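*Asks:* Spelled out from the first residue to the last, the chains are:
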Amino acid sequence: MDLSTFLIQCLNALQYGLLLYLVAMGLTLIFGIMGVINLAHGSFYMIGAYMAFALAPMVGGNFYLTLILGVVLAVVLGYVLEWAFFSYLYDRDHLQQVLMTYGLILVFEELRSILVGDDVHGIQPPELLAGTLPLGDIMTYPVYRLFVSGMCILLALGMYYVFSRTRLGMMIRAGSVNREMVQSLGIDIQFLYRVVFAAGVAIAVLAGMLAAPISSVYPGMGNQVLIICFVVVVIGGIGSIRGAFFAALLIGFVDTFGKVLVPEASGVLAYVLMALILLWKPNGLFKAG
Amino acid sequence: MHTISQGRLAFLLLFFAGLALYPLIAGEYGVDFVTKIMIYAILALSLELLVGNVGLVCFGQAAFFGIGAYGAVLLSPQDASASWLWLLPACVAAAALYALFVGALSLRTKGVYFIMVTLAFAQMAYYVVHDTPLGGGTDGIYLYFKPGLDSAIDLSKPHTLYYFTLVFLVWTFVFLAILLRSHFGRALAGIKINEQRMLASGFYTYPYKLAAFITSGGIAGLAGFLFAVKDGFVNPEMMSWHLSGALLIMIILGGLGYLEGALIGAFAFIFLQEFFKSDAIFGSFAKHWQLGLGLTIIACVALLPKGLIGLPDWIHKRLYGEKRIITEKMS
Amino acid sequence: MTTATPDILLQGRDITQRWGGLVAINQVSIALERGTIHAVIGTNGAGKSTLINILSGEITPTAGKIELLGKDATRWSQPRRARHGLGRSYQRNTIFPDFTVFENCRLAAQAQVHRPWIWWNNAQKCKISVSSAESAITQAGLTEATDRPAGLLSHGQKRQLEIAMCLATRPEVLLLDEPLAGMGAEETERMLALLNNLKANHAILLVEHDMDAVFRIADKITVMVNGSVIASDTPDQIRSNADVQTAYLGAH
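Residue numbers (our numbering), protein chains in the order written: chain A, 4 to 292; chain B, 109 to 439; chain C, 47 to 298.
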């Protein structure tokens, strides 16, 4: 592997890892704070990708407007879903939540099929970002992938700010470590749940929209990302945002380089890695306490 | 307590008697279809042992199922039919052996981590058959000669296989029912509720859990063997996490903590699937069958926290008010 | 190698437990004798529960040695200690609420049965565990409640059952973590009578917040402050000990 190939793969790995982080972060927060195993989280990613396809004509094909519209819709969706399906699940057994969210996956997939159909769609990146940058002598790199990485980094930084500097972030961090404590501090836990859930949904949807021009849009894409995000969450330590970040990058690099170096075993690498890490540290890499 | 009440006993007798009589009225398709459901019911029972009775949520049960199935195909001679008398135990042993390996390692972790580690090991098995020459890749492999025992029990005949499967379904059920009231089963029940207390009483809980895991894997291997014989064909999808997930859904839907729950769940899940897939009822909308299934599952969670096994109580409550439910909860 | 007299059933020497930089327990030594109730008192966070967890084998201490019936048990797992005569109760009820009182005790007693892998025999018909359970229930005074689901018992009865489950394993040493917590006057009296009865055949370690009860029933009291023992003596001596007065009793 020469230097420029290596560099390109590094950029790909970074971009994939960052995208995973966006989805996994919502998953780990919803589990850490609300105690809900949300199998339907992958569906939000899928919904996002299909929004990028379906909403574009409504706003005259403007990519940026599509993003904004999608995020707004996602917040509304998250808020309503939390109220309709999750608000009475908190005291239930985890397995009841698994069953409920599994039902939601089926419903989302079929609604998508009814509303948009089952075809695979390619999405064009906006014109401004459609070009490529030269890398070395012969290699080029698509600008859009750089844009995605940049957006992810901005979002990650933004969230880092929210978590570490704001009162809301303080409540979220406290909640992911100790739920009872937050309740005893007199914080409106119901409100916190809605906000976290809606934010988790919005970010997963945004990740899906950003990914659409790279991965194209296809049925079942939600399930694929769901399982790999669970791997990320578990490696990082459930409820740990920092853990999810490092684990996502780790998986991004392992997966990307696995495909190049050992293509026949690439599918299994992430799982081998997870098994090894959990046997070494049964609570993930960054679990507090 | 696993004392079988009269109502439960009556239900079970009717259930198994119905299955025994069913081929008399059913056609070729029906026999094959119910054979399939019974195999899933055996598989669901194997998972129920872990999830409902030890509290170990295994998200990789499909791997043991798949190993049993691939074992049946790979161990059969290429040009003749094998005797199931050795082939079946061999498949069960292969699955149990992998369960020993997976269980020994994954039981070090707890809770959601355990769920994910069992998934990881199942995915490894999946990729072994998917990506290596051993498993024939995505296309799978065919079983050209179905096992038999001379001509007396020839498993290539659908009716023979039906009753063969039914016998093993009843056997699995009775085996687990006896197991659960033994010392071993009671210890598992204790571990599910409070492992710390069990340690403090002097139980080495790890070997108990491992033994349960191996037993469960072996039974799943049995189901895999039957499935390979029924279809005459195996492919990697048998080991995919979708199946492991669907199995979990079956037993939760049926009602955790009861062996009947696994039976009811397996039958209900597959019937619902077929029902919503039926063109005769839903016409062109049948291709969106997952919508109906999904909504039914959601309704079940919302209304029946105990699963379908709680349905009689729920109906009773609607008809006669709350009283019975309260006593049920307290006892 | 051991200097323990036959009457000392459980002995901890210089036990130290550090959590990171924090010293939870500092060089604590304790000896439990048959026929005595040895109480450990101290404010919250003094390290009493940690001490019980170390003695019962839930935590391996950073340093120190534990001898059970004259054998070095420092590296023994919790089940192994339980099988060698160590029983413990928990501060929070650890009963199995869906099981009957009888089944709770029978299950605990089952740990002593040597062939747990016989999967075809009905556990309810195992003579050894049934008789252990019955005698534990009688000793703990729960005979009338034998067939009731444990979850339906009164709070006091649940605490009694917690002890009965210990007794069912036929222990010689009992480590009791706040058996009186949350009890009314009448329930407390019943529990104290039970402990007095058990004393003859057992060595009992009692961690308890109810000072009146402790001073009435204990033969020996150890006072812990911030992980260290500041005094260990008879109740009368402890009552008049100036250090204890200032460090602990004065705080009330």
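Since the hints were made in silico from the structure, they are not lab data.
Among these hints, one or two may not hold up.
Quick list of in silico lysine-lysine cross-link-like pairs, DSSO-like style, CA-CA up to 30 Å [stated by the list, open to error]: (1) C:Lys171 / B:Lys300; (2) C:Lys204 / B:Lys414; (3) C:Lys204 / B:Lys300; (4) C:Lys111 / A:Lys284; (5) B:Lys385 / B:Lys395; (6) C:Lys173 / B:Lys300; (7) C:Lys204 / B:Lys218; (8) A:Lys284 / B:Lys218; (9) A:Lys284 / B:Lys300.
All of these numbers come straight from a predicted model, not from anything done at the bench.
*Asks:* Each of the hints needs a verdict: does it hold here or not?
*Replies:* These are the hints, each one checked on the structure:
no. : hint                : in the structure
1   : C:Lys171 / B:Lys300 : 22 Å, holds
2   : C:Lys204 / B:Lys414 : 26 Å, holds
3   : C:Lys204 / B:Lys300 : 20 Å, holds
4   : C:Lys111 / A:Lys284 : 28 Å, holds
5   : B:Lys385 / B:Lys395 : 6 Å, holds
6   : C:Lys173 / B:Lys300 : 24 Å, holds
7   : C:Lys204 / B:Lys218 : 28 Å, holds
8   : A:Lys284 / B:Lys218 : 11 Å, holds
9   : A:Lys284 / B:Lys300 : 23 Å, holds
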